Amino acid sequence: MTNNNWQGIHNQVIIKNILSRIIDSKRIPHAFLFYGPEGVGKDFTAVRFAQRVNLVSENDETNLQNKIQLLTEPYIKFIFPLPRGKNEIDGDGPLEKLSAAEIEKVREEVEKRICNPYHRIKIPKANFIKISSIREINKFISFSFSDIKFRIILISDAHLMNDAAQNALLKNLEEPPEGVIFVLTTHLPGLLRETIRSRCWSLHFQPLSNDDVSKILIEHFNVDQKTAQTLAPFSGGSIASAVSLLEQNFDTLLDKTIHILRYSFGRKYHSALEVLSSFSSDISTETLQLIILMITTWFNDLQRSRIDSSETFYKDYPETFQKFNVKYPDLNLVDIGIKLDQLSNSLKGNANISTVILSLITQLSSLTINFKS
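Going by this note's numbering, the first residue of the sequence shown is number 992, and it counts up by one from there.
It is possible that part of the hints are untrue.
[Claimed, not checked] So the derived label-pair ranges between C-beta atoms look like this:
#1 L1086 x D1242: 35 to 43 Å
#2 S1269 x S1133: 27 to 35 Å
#3 S1350 x N1323: 30 to 38 Å
#4 A1155 x F1134: 49 to 57 Å
#5 E1169 x S1090: 20 to 28 Å
#6 N1336 x L1086: 30 to 38 Å
#7 W1192 x A1342: 30 to 38 Å
#8 K1206 x N1291: 16 to 24 Å
#9 K1116 x N1054: 50 to 58 Å
#10 E1169 x T1053: 16 to 24 Å
#11 G1340 x S1269: 20 to 28 Å
[What the hints assert, rightly or not] Only pairs whose alpha carbons sit at most 27 Å apart, straight line, appear in this in silico DSS-like list of lysine-lysine:
#12 K1103 x K1206
#13 K1096 x K1113
#14 K1007 x K1330
If you're looking for bench data, these hints aren't it; they were derived computationally from the structure. Quantities reported herein were computed from a predicted structural model and do not represent experimental measurements. Cβ atoms here follow ideal geometry from the backbone N, Cα and C, with glycine treated the same way.
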């Protein structure tokens, strides 16, 4: 079986080849861990894998394939973070104590995911995966169905399971039922217990290319070609980041990023803080991560501008590179990239936002302190 029918899965050539070889071998592991950046198609690949592992032939277009794509139980069980209902206890079902409005929101978000495999599910106060959702796995696997060879349990954002939920899952992984495959997806595998990770076949997903991001934005988010191509280089290869840039008003974010850089390089700390606070009085982790991503892209552009200015993505701000390179022609930019990456990763670990903001401005300002051009 080739990997030609991984329809809609952009990039991830190595992943598709590995999964295709596993399917061809007919020796299917009982659990997988798909990890890598947000918004690169990990959940989508899991659904395609569920379809392919149950293919009768390469031209199979049976009702079963459609049911898997529609996330229909008992063929595939889709587990993701949910809000906690009023007076909910662990013995309640995942949706049992949710309000009618909350249940409708969950239904709408799942429907959006079905229609758009790159849609990022957003449910208010859905901050963790409930132990009740994991316990429902036992009910799911207690029945056998002759019309499907492998049923899939897809746990999205698996790192959001708390200790109790991870313990409950571990019991299933220690005694895996026949004909059931677990697929855990996450961008923070380090938050999963080693005992869970060690029982999974781990596959590392890579960021998408700029062309892939553009194509997905055009195809799945109705973004015009020009906007998609402009946004893509600033997304870090993540559809989630690209969509966030759209929602944040990309042009405004671009302009404010330039001002943050200028003020920081000029050691105008208060002015840089004012620009950051102008996003909102309580800047979110997501927004700050986007700003760090935009600043990282600027430094990557700066490196490119020293070779070929036509290859830069901050096309409307060429003077920022010219002035910086004239004043600091020999400045080593390797360390700043590492430090920016560390700051962004610290936000994933719930670092204090104010501390990260101060550190960001300090790191940028330190580049030009005591530098003699």
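Do the hints match the structure? See the list:
1. L1086 x D1242: 35 to 43 Å: holds, 40 Å
2. S1269 x S1133: 27 to 35 Å: Taking Cβ atoms as reference, S1269 and S1133 lie about 55 Å apart, which means the hint is violated.
3. S1350 x N1323: 30 to 38 Å: violated, 20 Å
4. A1155 x F1134: 49 to 57 Å: violated, 25 Å
5. E1169 x S1090: 20 to 28 Å: violated, 39 Å
6. N1336 x L1086: 30 to 38 Å: holds, 34 Å
7. W1192 x A1342: 30 to 38 Å: holds, 31 Å
8. K1206 x N1291: 16 to 24 Å: holds, 22 Å
9. K1116 x N1054: 50 to 58 Å: violated, 36 Å
10. E1169 x T1053: 16 to 24 Å: holds, 22 Å
11. G1340 x S1269: 20 to 28 Å: Cβ of G1340 to Cβ of S1269: about 26 Å, so the range 20 to 28 Å holds.
12. K1103 x K1206: holds, 19 Å
13. K1096 x K1113: holds, 9 Å
14. K1007 x K1330: The given pair, whose Cα atoms are some 33 Å apart, is violated under the 27 Å limit.
Of the hints listed earlier, those the structure fails to meet are numbers 2, 3, 4, 5, 9 and 14, in rising order.
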